[in-house]
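Residue numbers (our numbering), protein chains in the order written: chain A, 6 to 323; chain B, 6 to 323; chain C, 6 to 323; chain D, 6 to 323.
All the pointers check out, no bait thrown in.
Note that identical chains are pooled: a pair holds if it fits in a single copy or bridges any two copies.
Calculated pairs, DSS-like style, for lysine-lysine (alpha carbon to alpha carbon, straight line, at most 30 Å):
no.: 1; residue 1: K28; residue 2: K68
no.: 2; residue 1: K28; residue 2: K142
no.: 3; residue 1: K142; residue 2: K169
no.: 4; residue 1: K307; residue 2: K169
no.: 5; residue 1: K300; residue 2: K142
no.: 6; residue 1: K307; residue 2: K142
no.: 7; residue 1: K177; residue 2: K142
no.: 8; residue 1: K28; residue 2: K300
no.: 9; residue 1: K169; residue 2: K300
No wet-lab data here; the hints were simulated from the structure. Computed from a predicted structure; not experimentally measured.
4 protein chains.
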Amino acid sequence: MTEPCFDIAHLAHIELFTDQPDKSLDFFVNVYGLTESGRDGDSVYLRGWDDYEFHSLKLTAGKTTGVGHIAYRTTSEAALQRRVAAIEALGAGIGWTDGDLGHGRAYRFRDPDNHVFEIYYDTRRYEPPASEAPALKNLAQRFHGRGAAVRRIDHVNLLASDVKAIRDFIPKALGSRVTEQIVFGEDDVMGCWFTVNNKTYDLAYTGDHTGAQGRFHHVTYAVDSREEVLRAADIFLENRVYIETGPHKHAVQGTFFLYVYEPAGNRVEVANAGARLILAPDWQPVTWNEDERRKGQAWGLKTIESFHTYGTPPVVEH
Amino acid sequence: MTEPCFDIAHLAHIELFTDQPDKSLDFFVNVYGLTESGRDGDSVYLRGWDDYEFHSLKLTAGKTTGVGHIAYRTTSEAALQRRVAAIEALGAGIGWTDGDLGHGRAYRFRDPDNHVFEIYYDTRRYEPPASEAPALKNLAQRFHGRGAAVRRIDHVNLLASDVKAIRDFIPKALGSRVTEQIVFGEDDVMGCWFTVNNKTYDLAYTGDHTGAQGRFHHVTYAVDSREEVLRAADIFLENRVYIETGPHKHAVQGTFFLYVYEPAGNRVEVANAGARLILAPDWQPVTWNEDERRKGQAWGLKTIESFHTYGTPPVVEH
Amino acid sequence: MTEPCFDIAHLAHIELFTDQPDKSLDFFVNVYGLTESGRDGDSVYLRGWDDYEFHSLKLTAGKTTGVGHIAYRTTSEAALQRRVAAIEALGAGIGWTDGDLGHGRAYRFRDPDNHVFEIYYDTRRYEPPASEAPALKNLAQRFHGRGAAVRRIDHVNLLASDVKAIRDFIPKALGSRVTEQIVFGEDDVMGCWFTVNNKTYDLAYTGDHTGAQGRFHHVTYAVDSREEVLRAADIFLENRVYIETGPHKHAVQGTFFLYVYEPAGNRVEVANAGARLILAPDWQPVTWNEDERRKGQAWGLKTIESFHTYGTPPVVEH
Amino acid sequence: MTEPCFDIAHLAHIELFTDQPDKSLDFFVNVYGLTESGRDGDSVYLRGWDDYEFHSLKLTAGKTTGVGHIAYRTTSEAALQRRVAAIEALGAGIGWTDGDLGHGRAYRFRDPDNHVFEIYYDTRRYEPPASEAPALKNLAQRFHGRGAAVRRIDHVNLLASDVKAIRDFIPKALGSRVTEQIVFGEDDVMGCWFTVNNKTYDLAYTGDHTGAQGRFHHVTYAVDSREEVLRAADIFLENRVYIETGPHKHAVQGTFFLYVYEPAGNRVEVANAGARLILAPDWQPVTWNEDERRKGQAWGLKTIESFHTYGTPPVVEH
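Next comes chain A alone, as it looks inside the complex (with noise of 0.2 Å):
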């Protein structure tokens, strides 16, 4: 029996596009409360307040929306090298960037879907200047209360057209565990849910059916309690944010969400998973099938259909 791997500690950040980025930016930090810590070229560089790298958002203007890259950080240095050989091996890299503002050197691949991720050891770390110090040290920054004031990044969510070939690769990339999936009939799978930590997960992909490859479905930020969920809603409200569906409960995973489009239409979410933890180093994946899916979320809610078809970018018709 082989050993659970250790090689990755935990999602870092990813690059999403935006089309109106200046629209975008004061929503990520007036509306969604994350805060800037340095911009480069075309990117901005965010954070939620207790998010402890330099930068756990890539905000950079471009012609489209959707994401640029996934990243993660490794455990180690010789893990980082292990994960590489692992992806070597896949015939899924893609080679060495030397890194950006938030860290140093980052080795890239594509999934089967063509998402690009990026793993690294070494990080910057957020250094708060004295306006943003937390009264407490050992918080990354201050609780600052503007806007939704996420705390953290949590997971991410991807399109792929063959979830099945996603649930093969991912484990083998990133050494991630398998903690929850939807599969329908025999063997379709609808959904995945995966983690390289005690995080209930930090990846899921769901089925893209329009044919096109690569595209985003959410960034989730972490709040300390439903109560905030709850609180970000009205916050949505009053900003005129188009909220999508939530605050609910998820059957899967158990999280409570909130879902809603940044103005350039990217998908991002609020939520908070309780005290909800993978800890069993044993963990058997949950399945869902198609009946208990129809029974809809934890509550009884039925998902929204633009949750099954929407995605950025959008993808156009020829």
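Place chains B, C and D on chain A using the hints.
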């Protein structure tokens, strides 16, 4: 540079002694909200509704109070062997036991203050009877809502005459990381918090100034929200349980806490950590000095005197 | 200018019919969390833990479901006489009854949709037995924490074929104020919310399009927080109670709501209004038009179809 | 038997003095979360986001701290006349004023401890500018989420050397009901809580043992949940506001409280009462004796000494 150790998966259970077994059991089941999963000799096996193992609290009738042993589960059988070798090298080993109703063979050892620990991999999962089956299959048991309805074991706090020796020992024995500590003056270690995973801590030690050894400060179960901690306070109030301090927020670790004494006198906590996790693989211990501690808890509450002096079993004066 | 009327103190209780009395009683006591205070004939008297009167729900076994009567307590004996005179002038009076286990003589009348109301002043306070005595003497009963543990009766929602006629009648009969209303087009009154005190509403009417009369939409009990509404959703889920819609926030009145059907089919709500009160003595009714209603609930949830159509008793088709 | 009095609708506003007007204003707007609605001379008019009137706090620069006057709005113009007659019969009247930016003419009087009160009916409603218009039309202003974002004025607490005299005076002057009181020994009234409507209290008096008169203990604004009180504690902590005590729950009235000092030294509270209301028209005052008070607050917190001694303005020793 050495890599982080991932041999231990999580705190698994503790054995607690009571000299008022009926009253203690009534408290733990009907007021604190644990569920009984079995009995064996003088012991009753109990667990929070989302603890995945057979038990997280072994309540054993005896002549006094305090802790019998503290148990951790390893991430694999091989990891168990590695830890046993490390512990034997420290000269702290006691030897193997056959386990009990809740798990297979386990290796026991002593910390420098003579608390007994055990580590094991082979476990028994909780299998809910039909009456306790959850509506959502990703939970270990239905949310019964009884009493404080605590979700899962969170951490244990022990007393030790030499916390500095403990700070040296635990990382070597369990591969734990020190996440926070209280150090007065140059190097007078007053308290130390350890974790083996992404939780902020699963084990804490604070100073015992009585000259006694092996004493117990408290065990803590997690709930999903601060609101549930507040609700627990009302439950304790109405059930005439002695509330020592809280609800309030610790400056150390930021935990929202509530401490009570179960009928036999052991201190028990209900707590919520919000979304706070230790994700950085190279987290540097946060050290609090005497000036910082003088400010009290996070929002200024002065720490109650008994919190520094009271432990179980009581110290018998001669 | 006439002065506001203060003759009615508060909504006091309703009588609910059930054709599944054992199941309904088990629901109201063990899942919803009311406490039984007495029995008489086919009726069981129930109340929330902080209802100060003997009962706020009279559950009566019968051949069908729906509401028996709705009762308000007056602010004095003289106020009762004034209301009786006003109601008699409206030609709506039925006459005096001797009361029951919960109160003294009461005057009954009918609204234009043939729902039976009663008003009284002479009441019986709940006297908790020792086992239900609260730890704090300003509460009516201990906080028992059983089931959803609702605190007090909050409001009742009735169906009526002509809500406009109701909007005219209720202020004349009870001295209520209209706090909010839904009016489509010029003057098509779809819903109307009334209050006799500082609560945002204690009575609501919405349209019944079936041609039937005297039907019941739901009764609501208040809890102290939105977190308790969320917790109630888990309690209902685990007890296999049908959740119709919620938790979510109403645009009208801003109430955080959760609707379920008790086993016999009557709709029951758990709700929290936050700190919202109607304090202005000259509050002007808030009127919602069709465009505004099309936006759904506060955070965009589309109102579920059954909410517009389902009531009790069921309408028998011939 | 006399009928209850309904002449006074609600506590409307207080005038607070500050000798640090810039710092106090910054606190009330950016940390406490009030919104400025106007300025006039040395005064700034402020209100919570759901206060319906032009202001609920008139902050006036002066040579010291403490309360200028306390204002209640009547339920009608006729009710105002009745109260004036009653107050004049008590010999407590000062006379009419023309009002200010927030309301029309008002009648002023003194309580036995020389605090100045005023009552009025003619008011000015808050009309939000476009930038403050709420998404839901039943709110007075958008939920801005700034600072502690308190919702509405809740109550004021004054100090008096003879609380027993106050207990006699206030019901006669305002028609208030005594809902709770603290009485030591035979009839030593230590504290008294009053209400004019269904709120549990809008006015409280506690003993001033300094020999001074007309002093101020605190003013309180309500938030919708206990979670918002906890959040406010973090906001205060990060903004280096002095937290005196809390968050915790009062035994008296059950309010969840948090007390801080604004920069000039006036004590300010953030509180939540849950769903607790005084609905009984014949509510009997709850009386707490010395033994009961010795138990501390609801969950056992010992009342901090300064709570018994500190008020504004400071007492100058000669």
